[in-house]
Each structure stands twice: as structure tokens, then as C-alpha cells.
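These protein sequence lines are chains A and B, in that order.
Quick note, the first sequence lines up with residues 1 to 454 if you use this note's numbering.
Quick note, the second sequence lines up with residues 1 to 350 if you use this note's numbering.
Quick caveat, the hints were computed from the structure, so don't treat them as lab data.
Predicted model, so just to flag it, every value in this text is computed and none were measured.
Taking lysine-lysine and the BS3-like style, the derived pairs with C-alpha atoms no more than 30 Å apart in a straight line are:
{"hint": "1", "chain 1": "A", "residue 1": "Lys103", "chain 2": "B", "residue 2": "Lys343"}
{"hint": "2", "chain 1": "A", "residue 1": "Lys103", "chain 2": "B", "residue 2": "Lys229"}
{"hint": "3", "chain 1": "A", "residue 1": "Lys10", "chain 2": "B", "residue 2": "Lys229"}
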Amino acid sequence: MPETRRDEQKLWLILFQIKGVRSRLNFLAIQRWIFAALALLIGAVGLTFFAAATSGPLTFLAIAIFLMLVALLGVIRETIVVRATRITPARAAAIGDTRAQLKGRLTTVLALNATPRHSPLWAYLVEDTYGRREEFEPSRVAPRLLSRAFYPLLAAILLATLAVPAARFASAPRQRPARPGLNGPNQIIADIGNLDIRPADPALQPNAEIYADPATLKKLADKLAAAEKADRDRRPLSKLIDKARNFADAFQDKLNGLDPARPRPTQMRLTDRNPGPPSPPSDSDNSPNSGSTGNSGGSGLADNSHHGAPGSAPPGAAQNSPPPMTSLPPQQADELASKDSSPAPAPGSDQAPAAAQNQPKAGDPNAGGGSNHGSGSDPANLFGPASPLPLGSDSFKIAIEADPSDESTASGSPTYVPPRIRVPLNANQYPDQPLARAAVPAADQNIIKRVFQR
Amino acid sequence: MNEAQSTAVAELPTIADFARTFRRIQAEIHKVIIGHEQAVEELLSALFAGGHVLIEGVPGTGKTTLVKTLGLALNLSFNRIQFTVDLMPADITGTRVILSSSEGRREFSFQPGPIFCHILLGDEINRATPKTQSALLEAMAELQVTVSGTTYPLVPPYFVMATLNPIEMEGTYPLPEAQLDRFLFKVRLGYPGEAELVRIIGSTTGPDGAGVEPVFEPHEAALRIEALKRLVREVIVAPPIEQYAARMVRATQPANSRVLGDLHAPIVVDEVNRYVSFGASPRGALALILGAKVGALLDGRANIAYDDIDKVAAAALDHRIMLNYAAHTDNIDAAQIVQQVVKAVRVSRA
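Take the sequences, apply the hints, and build the full model.
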């Protein structure tokens, strides 16, 4: 009886060691899954950061989607592989046999352990296997404590660690303010003939101020009207692409650490080198081949330099324009021009920056004119503080979103800085000329509001 | 108590006894047979596994000498039948003849043929007609001979070794598949190498031949061999190993065979589908396991490993695979097919 008991103890120890081998191998398998999944995700995120800093919005969106898909499929594949290779006791015994050169001893002991009738050689098999127990200790069968998948994880972390600074480095020129040498930081002088105007996303906040004489502004209004008409003619696919571009742009800004809610306002002085009677919006302006639209990433205004200047839009790019913003109808622009009694400063003169500095900034509660000052018919935006400026000023400002970027094609040529312009009118508003606002008595506000609510 | 009954009560030897006895017999045989180590090991494996052996070799490679030496080493009764085209079944099994008794009465009496022995050598078995060849079937499979309605048991151990000459095909009768299947192993004897040839010349052209010492005493030989055979049967086989052997046999069967019950083969070997008419029978799986058991004991193990199966696969399956005409035209033999099968099945190990 004691002999039998000793045999049972030996058998138990053999089985216990097989369990130990199994636990160790399963632990390594779980490690592999975790490390591989993390490696895939970290690598994908690192590359996404890099793509956000170095690619355009649509390219970035495509790369980001591709990377996320690859990461997702990789994780799914790893899950399937790890599930398929999970270690059962029989498999642990087989692995122990192979690695410890036990020639099927463990497999046989495990498989026939529960068999009621044993061969006369069973005791010999148990004794023989027990005598080799040191050869199939878990630490010898699976000496690794860390899965090999840890190395891909390290590589992914390294890649991400390098990708983020590389992304910062690559995106530094984009985050830099407007080139000095124009009129100081964030001050741009642009010719209206070089402007390619496209409607911006109404949801975007204004971050640019435009200064120009009334005639130039009327031309600007014409261009706005043309852009609006072109936008109405666009296909749904183009609008979808624009939405995707806007989404990608916003996401890119987030990844690059830019705060889209608090953009640095860009002041742009608009000049007209070719003054003449403002032309009404024509079909030729709306034509995709007219070159009046560009590919400035969904921004409101984009410089479309003449004579093949850098940043000129390819034909047909107008169909990719974002949804319409607002533009001044020609008659309103004419009215604006006639009301403007003060002489406009010459384009590029020293008075322009001074005038710009006297203008209230966007978002200033005391600011006059513009759609965010109560103009329009939106009942929610009817009232505000009175405009401190007299009506008929020689200039007014509208808010645009402008983001300077270097898209020069020829070395040494001046950097093309496309302004991004948008007019923050909401859906209930319509283009209006800038009017000075007077204070409304509190007693009359409800009556006026009711009238506009009809 | 006859000899057969006495073996049933013999004490089971140990694994070490088995390996020691096996190696000793091997050494005695190699006193005479130079080289052919694998053939000798397969021959002894078949003996202890309880099977019979088909020895194929070109003339002059020592087929008959090998069998004779084995008989001497084992110290068992040994008979040799030279198969010829006019050999009749009764020449093998024996026949009833009329004899006069001491009282003067004449009665039929059975005169046993050369088949009644422990070790039988059927030399050039393919020279006899199929009818005569089939006279061996009952003896090989059931250890008994039936003559004129009377069954006569054979005394174990009973071991048939048949030789085949592969190059003299004229005037021969290929063995029927049923008889081929009854041989546990097919052992190939090739030409010896130069060094072996020099040793053969030296050992056989002198005045004295090598003296083979019997390993067993005459009275205990059969008893001990039967005990060793029982030990072989006791070797433990794990279910995954059995499955491996079955899968290997199944892999030798072509997918388009009309005799297959299960058309879904877990492992498909292209060469098998292209060149094989009929694969190995279930006896092939038994041969694999029994041969592997002997291999395990020789390695000091009480259990079979996958490698033991692989090691005997060629000897156990070679003669059970029937090749088609395409194989002959492409100069493919069964050994190559078995090699491909083993390679394909090896990846399916647990």
C-alpha cells in the first residue's frame, strides 16, 4: 500500500508540473496578445500623429483610417491566433515532451492517467518520468518570463517616441505666425485679384480681419457671391468630401496642439491693383475652370495668384469647395460703396495699419459692424451695445479665417500665404451690409424681437 | 503442459532484459552478416512484434544467410522451402499418407510439411504459383494449418521470412495483396559498401566460418521469446500516438479511391493521389504500432513516441501501397511515397 501511495504522489507531482508548464505557456500567450495589441495601437497612434503633422487633411484622414484599420485587424488577428494556440494540458504535455526530449512520456502519462486499467509497465513509466522531473520543470520548458512580443512593443514605443517630436518639428512651420515682412505678425497684405474665395464652414469661428476700401470690398462681395453660387452648384459628393476635410482638419489641429476655438486672428489688408468698376458675379466666375476657387483646405478665402503663382487652384477644384458662407449681394455692395463718404486710404499706405489698430477686435463686445454685432434677422442676435464708430467709415472689417502656409513652387519666390476667411453668419442670417447699431430701449426689445420672430 | 501453454505463464521480463537480449541477438547475427544493421534490427523487431518479414534484395546480398543465422542465434527449429513453380501446397503444409499400424491396420496419418517449425524461410517465394503461395496464408495469420479438414496448430513462436528477388521477374508470380499485407515488415537488402565488402570477403573465404552462439538454451528459447513478445504488447500507447498512426495510414490512401468509406482525409498528399491505386490497410496501422513498441523498448521506454512511428513507417507501409501505372512511368517507388506521407503527417503532431 505505501508503494502505491508513493506512486500516486509521483504521478501527482508529474501532473502538477505539467500544470505549471501550461500556466507558464498560457501566461506567455496572454503577454503576447497584450504586447502585440499595444504595439499595434501605439504604432498606429504614433504614425497618425506624424501624418497629422506632415499631410494635408484628406491625406491625413486616409492615412489615419488606414492605420486604425490595420491596428484593428491586427488586434483581431492576434486575438484569434492566441485563442487558437491556447495551451491545453495535452498541448502543454506535448510541448514539454518536445522541449525536454522526453519522447512522449508526459503525453502518455497525462492521457492515460485517468484510465482505470493500467499496463504492467505503467509503474515503470511513472517512475521513469518522475526521475526526469527536473528536465520538464516549467522554468526549463518555458524559460522566458517575458514574451517575445515585448520587442515589437518596444519598437512601437520607440517609433511613437520618435514620431511625436518629428511631427512637432514637421508642423512647426505651419504653426508659425504669418511671415514677418508683410506688416508684422499675423498681418497680411493681399491683392483682391489674387484671392480665391470659397465658402467656409459656418461652424468655424472667425479669426481674421480684413481691411479695404469700399470699392475693393465690393469686389470682395462680388467674389463672395460668385463663390456662393458655385457652392450651390456643387455635387453632394463634393460636400461630403468637404465635410471629411473639415473633420480631418479639426482633428489634425487637435493632434497638433492647435486650439481651433481660440485661433490667432489674422489681419489682412485687401488691396486692388487693378481698380475698375466692380463686375457683377458672372457664370464665368462660377465656372470650375475660372480658377476662382482653390484647394486651401476648406478655408474661406484662398489666395489664387495669377500667372501660375504658387497656390493656384487646378481646374475643377471649385467643386470641392465647402458649404456656402455668406457673401454680399452686388446691390448691397453698391449701397455700401455709395454710403462710404470718407476717402479710402491708398492700398498699402501707412494709414492702413493704423486704421486697423483703431478697429475693435473680433469678439469685442464693443465692436461695430459685422454679423456678430446684431446685424441680420436672427432674433437671438438682435441686440448688443451700440457701435462706437460713426456710420460711413472708410473701412470696415469682416472676420475671416486665414491660415498662412508656404506653398511656393519656385525656390526663392515669395511665400504664398493663403488667407482663410469666413463670415460667421448662422443659418438664420443673410448677408448684410455693416450698419452701425444703436442702443434699443429695453421696453422696445420684446416688441422688436416678436416682429423678427415672425 | 505443452510448450505453448508454458509460455503463457512465463514471467514478464523487464525493459532492460528486452533491450539486452535484443542487442545480444543482433550482435550474434552481425558475426555473420556484415552491414545491413537496419535490416537486422527490422527483422528482429518483426520477430518480437509477432509478425512476419518479407525480405527483398538482389541476389548475393545475404538474404538466406541472414535468416539462417537468425535461426541459429535463437536456437529455434528452422526450415527452409525453396519455392519453385512446381511446388505444391501439400509440399508446404504436409499431407495425409496411408501408414500401417503395429496391428497391421492401414490408416491415414498426417505427415507435417516444412511449415511446422518455429522459423520458416520461404526462399524466392514469388517463384511459386499463387495457389502454393496462399498455402502460407493461414499459417501466417492464424498459426494453424488445415489439411483435409483437420486443423493442426503451429507452435509459437512462429516466424516466416520470405525472400523476393526484385530483378528476376521472368517466371515469377507477384504475391497477391492479401499475402503481402500479412507480412508485418518489408526489409530491403541492398548491396554492401566497399568497406563492408572487404569484411565480407575476409570473413567468408577463410577456412573457418564465424561461429554463431545461440542466445537461448534450446529448452527455454521459445518460452523466453514469447515472454519478450508479451512485453512488447504491454508497451503503453497514448491516444494521440494511436491517432497519429491512423492518420498516417489514412494519408496513404488516395482521395479518389473507390474503397474509401470516409472521403474526407485530414491530410492530403499530392503524390498519393497521383501515384497510388490502393493505400495501406488497417494492418498497416497495427504494424506501425507494434514496430514502434519494439523501438520504444529498445530505447528504454514504456511508451511510444511519435518518432518510433516515423522510424518504422517505411518498413511497415512500403509493401502495402499499390502504385499505379503513372508511378512506374515516373519511376516513383513506394518508399518515396511513404517518405512524403511521413513528412506530411509529421506536421500534424499534437
